[in-house]
Amino acid sequence: MRNKYLHALFRTPSGAVGSLTLLLIIALAVVGPLLWHDAAQAENVTNLNLGVSRDHLFGTDGLGRDVFARTMVATRLSLLLAVGAAVVGAILGYVVGIVIAVLPAQLRRVCLAAVDVSLSFPVILLAIVFVAMFGGGTTSTIVAIGIAFAPPLARLSSNLALAESRKEYFRIARTLGVPTRTLLPRYLLANIAEPLLLTFFYAIGSALVAVSALSFLGIGVQPPSYDWGVLLVNGFTLLYVQPAAALGPAAMIVVTGIGLALVGEASARAANPRLAGARRRTAGDDAQNAQAAAEPTPDDPTSDDLVLDVRDLRVAFDTPAGEVVPVRGIDLRIRKGEVLGLVGESGSGKSMTALAIAGLAPANARVTTERCRFLGHAGTPAGLRSRRIGQRLAMVFQDPATSLNPAMRLGTQMTEAVRAGGVGRREAVERAVERLTDVRIPAPASRLRDFANQLSGGQRQRVMIAMGLMTEPALIVADEPTTALDVTVQAQVLSVLRDVNVRSGASVLLISHDMSVIAQMCSKVAVMYAGAIVEYGDTADVVHRPQHPYTRALLASVITLDHSAESEAPAEPGGVAPSADGRNRPGGCSYLARCPIASERCADEIPPLMQGAAGEVACWNMADKEQLV
Amino acid sequence: MAEEAAVVSRPTQQLSSRAGWSDIKARHPWLVFLLSRVARLVVVCALLLVGTFLMVRLMPGDPARRILGLQATPEAVELTRHRLGLDRPQFEQLWSYCWNALHLDFGESFSQGVPVRELIAERFPKTVELAAAATMVLLIVGFGVGTLMAVLTRDGRRPRLDATYGTSMGALSAVPDFVLAALFAVVFGLYLKWFPVAGDNGLSSLTLPTLAVAIPGIGFLSRVVRAEALDVLSQNYVRTARAKRLTGRRIYIRHVMPNAAYGGVTLAGVSFASLVGGTVVVEQVFNWPGMGSALTSAVVNRDYPVVQAGVLLLGATVVIVNTLVDVLLAIVDPGALREN
Ligand code: SF4
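Going down the list, the sequences are from chains A and B. Residues 0 to 628 in numbering that gives the first Met the number 0 are what the first sequence spells out, letter by letter. Residues 0 to 339 in numbering that gives the first Met the number 0 are what the second sequence spells out, letter by letter.
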């Protein structure tokens, strides 16, 4: 731990500057009073209120004393006061906070509410109250600021302790009968010590400011003692004559404060590596898109009834660990009215495919295609961002609870897209009511005034579908539309989707990990594995005569591939499934590690999609091989 | 804030197990919500009253002796004890203190001989003026910078700008308000002579104190706003809005901002509440005739009636503003109220 911190402190320039500054200040606090004490005390009537000179770096004060020397001497008291107040605050706050955390639930709530109320009062106001009670002076300053600092520290420590005590290991230890005497220090404190220490460090910085403020107001440190705050206010009375006398001590307060802040930030980064390096965004993705768009797209007579025709779609991310390629060159062709299923497990890249097609891939993704036509318009997926064409593609996302805006009425959300396209209000509302009726939402007109949280999960997803239908889409991309829903509601939503397909003639790209959902819904299916399509064909063929060993595995396990949501994070790390990461994958079949029928060739050559008995298959040892393309 | 709300609203949930109460709650969510907030307000104000009362009584030693100093004659001490009401039974003292405070009667100032009420009527609006102006600057700049940084650095764009921003905002929050105030007074008041250094002569005198109060908060606020905006930008409903091919402007104005407003209202309220009680030091620097400087000199002069009244008033303002924020939040997001 020590090493980690030291390393972090000096790794970044700001951390290094901060810690050097602090070391210097601490050294000053030790030697300052020894070196400058005499100079600080020496009064000299002939040298009153002198300006800055070589002999008096910060000038002299009303008694002719050297302000620079006094500032150096004051370092020790200022630091001691700050540390003292922080210690008092930390002891009070942490003890109160941890006691609150172990109280019975009822009592704990009351105490936390009380802490929260006291949190809302400014520190300086609380400090003034206590100074008014105890009178000014060094000790009462420490106590007053310490008490005023206790509430936030209590809140923090009780939050941490509560979170820790809810963890599994802690409960186990408790049920195993570990006595509280051991439980508290060994299990609880040991685990929250790090954040508490960090906060204590920050508290020193704030305490320095608060102590100086009290002294500045004349109710903190009392003469003849002096800290930076006292020097600052003394200098302030001379502002017109000799501003350096105020600016010198002020600079010391600021420099110390900044040093503490920088070191605090660096240690926080060390404690929480997630904060450490910002993710890097790939440069030049727009340029690549533009280049792809400029490529000639020869007209293909067979593509007339193709709604979507994408060739060699690739999505790549640059990460600190190297390039990650969640989608590695796939072709997708969807005909008018067709329902195409895209099936695969988590991390196979199917969600990223959907987002890329819709032009919604994350900003740091590099999306390239060899050819991309939507409704006969050549362009790039990103080109779909244009409203007129883009609105003919509707998206239905996995989680309807978060995909609808919680702060906007459903009616507004449904109509805003067509309203932006110039449709009048009345007409838009009428259309919304119609669409809600289409997806079998009861009392649609009154629903328009509701918010999303007033609907059930299944209703929300149907509203999402209805919302997509508002713009008369030619293609509906539904990404795991039923995964977040109850089994009973799933069937409802699927039948609505099929209805819509039949009635409006819109094609559907249905993405799912669930082979049974795909089998119910789709005429064609593409099986995706590790960023590539491994089998494509009529659903009946694929389901009854699977060619690729992965498809067979999928069908064997049916429904229960995974219940979890497919994450947008591109790669699936390690384990049995090969990583989608191009660097460390050998030049062979990506399914090799899991494949029961692998042969020698599989390790050396990547199998391309080849014509199989019925559909297309990417496997060297496919079940009914007929010919190579 | 949100957590506090959750904690406090728990008791009502407990009560709701009784059929009658849950019925009322379902039918009048607003009524129940407002009642619980008002109840909390009353409790906290009552605690403030008792607290300020005890403040003088719990002091080590005899308050009258503390006020007058060690050389005072016993007669003078006795007289002061009488003026403070210390010679009456404790409970009667508390009762009459509360009763008078509720009628805004805090007695006479020891040091100035005028009724505390008059002093406050003169000083308090000045502090509110300063705090309001500073809150406005704080919010406008804090939100502007925070949102801008969120948009510029989302998805890990411009990492160098991100790091520079983090460090400089951290440094900015390390500069205490009184140092900033002193600096401003020297630079803009003394050398450049753009603004007056002290007193209250309209808008030009308000400028420097306002900036000195607002700027240290900007470092903190803009970082919170940035985090909040980044969070909203990554929400699924923003992706939905993009899928609907709305213009960038509409997405920001209609989808991102209303949802960020929730945090915004909280921050605005909290900033104002903390500034009302936090202008003390800056008021002193610029000789601003507000509550803060009155409070400071009252502490120095041991003018306890003024201290009590000042703390009570500033404390009550903080609590009242926080309650208003809660109510505003419920208006912004009625859905949360229903779920509550
Ligand atoms: S190519 Fe080889 S390893 Fe890959 S799926 Fe076919 S048989 Fe298995």
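Wrong hints could be hidden among the right ones.
Some chain A residues judged to face chain B by a derived CB distance under 8 Å, without partners named [said to hold, decoys possible]:
id	residue
1	Ser13
2	Ala15
3	Leu19
4	Ile127
5	Leu196
6	Leu197
7	Thr198
8	Phe199
9	Ser211
10	Leu231
11	Pro242
12	Glu264
13	Val323
14	Leu359
15	Asn404
16	Ala416
Here are some chain B residues the structure puts well away from chain A; computed CB gaps all over 10 Å [claimed, not checked]:
id	residue
17	Val31
18	Val41
19	Leu93
20	Trp98
21	Gly165
22	Asp176
23	Thr239
24	Leu294
What the simulated footprint calls covered on chain A by chain B, stretch by stretch (three residues with Cβ under 8 Å from a Cβ of chain B suffice, anywhere in the stretch; the number is not a length) [to be verified]:
id	segment
25	306-317
26	433-445
27	506-514
The hints are simulated quantities; they were obtained by calculation from the structure and are not laboratory data. Glycine is no exception: its CB is placed at the ideal position from the N, C-alpha and C atoms.
Do the hints match the structure? See the list:
Because the closest C-beta pair between A:Ser13 and chain B is about 5 Å apart, less than 8 Å, the hint holds. Hint status for A:Ala15 relative to chain B: violated, with the closest Cβ pair at about 12 Å, above 8 Å. Interface restraint check for A:Leu19: the shortest CB-CB distance to chain B comes to about 15 Å, outside 8 Å, so the restraint is violated. The closest approach between the C-beta of A:Ile127 and any C-beta of chain B is roughly 6 Å, which is under the 8 Å cut-off, so the hint is satisfied.
Checking A:Leu196 against chain B by beta carbon gives a least distance of about 19 Å; that is not within 8 Å, so the hint is violated. A hinted interface residue such as A:Leu197 counts as satisfied when its beta carbon comes closer than 8 Å to some beta carbon of chain B; here the least separation is about 14 Å, so the hint is violated. A hinted interface residue such as A:Thr198 counts as satisfied when its beta carbon comes closer than 8 Å to some beta carbon of chain B; here the least separation is about 15 Å, so the hint is violated. Annotation: A:Phe199 was flagged as interfacial toward chain B, and the flag is violated, the nearest CB pair being 17 Å apart, outside 8 Å.
The closest approach between the C-beta of A:Ser211 and any C-beta of chain B is roughly 7 Å, which is under the 8 Å cut-off, so the hint is satisfied. The criterion of a C-beta within 8 Å of any C-beta in chain B is met by A:Leu231, whose closest approach is roughly 7 Å, and the hint holds. The beta carbon of A:Pro242 comes within 5 Å of a beta carbon in chain B, closer than 8 Å, and the hint placing it at the interface holds. Because the beta carbon of A:Glu264 sits about 6 Å from the nearest beta carbon in chain B, less than 8 Å, this interface hint is met.
Interface restraint check for A:Val323: the shortest CB-CB distance to chain B comes to about 14 Å, outside 8 Å, so the restraint is violated. The closest approach between the C-beta of A:Leu359 and any C-beta of chain B is roughly 6 Å, which is under the 8 Å cut-off, so the hint is satisfied. Below 8 Å, beta-carbon pairs count as interface contacts, and A:Asn404 has one with chain B at about 4 Å; its hint therefore holds. Because the smallest distance between the Cβ of A:Ala416 and any Cβ of chain B comes to about 4 Å, under 8 Å, the interface hint for this residue holds.
Annotated as non-interface, B:Val31 keeps its C-beta farther than 10 Å from every C-beta of chain A; the closest such distance is 18 Å. Even its closest Cβ contact with chain A, about 13 Å, leaves B:Val41 beyond 10 Å, as expected for a residue assigned away from the interface. Non-interface status of B:Leu93 relative to chain A is upheld: no Cβ of that chain comes within 10 Å, the nearest being about 17 Å off. With a cut of 10 Å on Cβ distances, B:Trp98 stays outside the contact zone with chain A, its closest approach being about 22 Å.
B:Gly165, annotated as away from the interface, has a beta carbon of chain A within 10 Å; the closest lies near 8 Å. B:Asp176, annotated as away from the interface, has a beta carbon of chain A within 10 Å; the closest lies near 8 Å. Non-interface status of B:Thr239 relative to chain A is broken: a Cβ of that chain comes within 10 Å, the nearest being about 5 Å off. Under the 10 Å C-beta cut-off, the non-interface status given to B:Leu294 relative to chain A is violated; the minimum distance is some 6 Å.
Under a criterion of three residues with beta carbons nearer than 8 Å to beta carbons of chain B, the stated coverage of the segment 306-317 of chain A fails, only 0 such residues being counted. Remark: the segment 433-445 of chain A is not confirmed as covered by chain B, as 0 of its residues place a Cβ nearer than 8 Å to a Cβ of that chain, below the required three. Interface restraint, the segment 506-514 of chain A with chain B: violated (0 residues with C-beta to C-beta distance below 8 Å; minimum three).
Comparing the model with each numbered hint stated earlier shows that hints 2, 3, 5, 6, 7, 8, 13, 21, 22, 23, 24, 25, 26, 27 do not hold.
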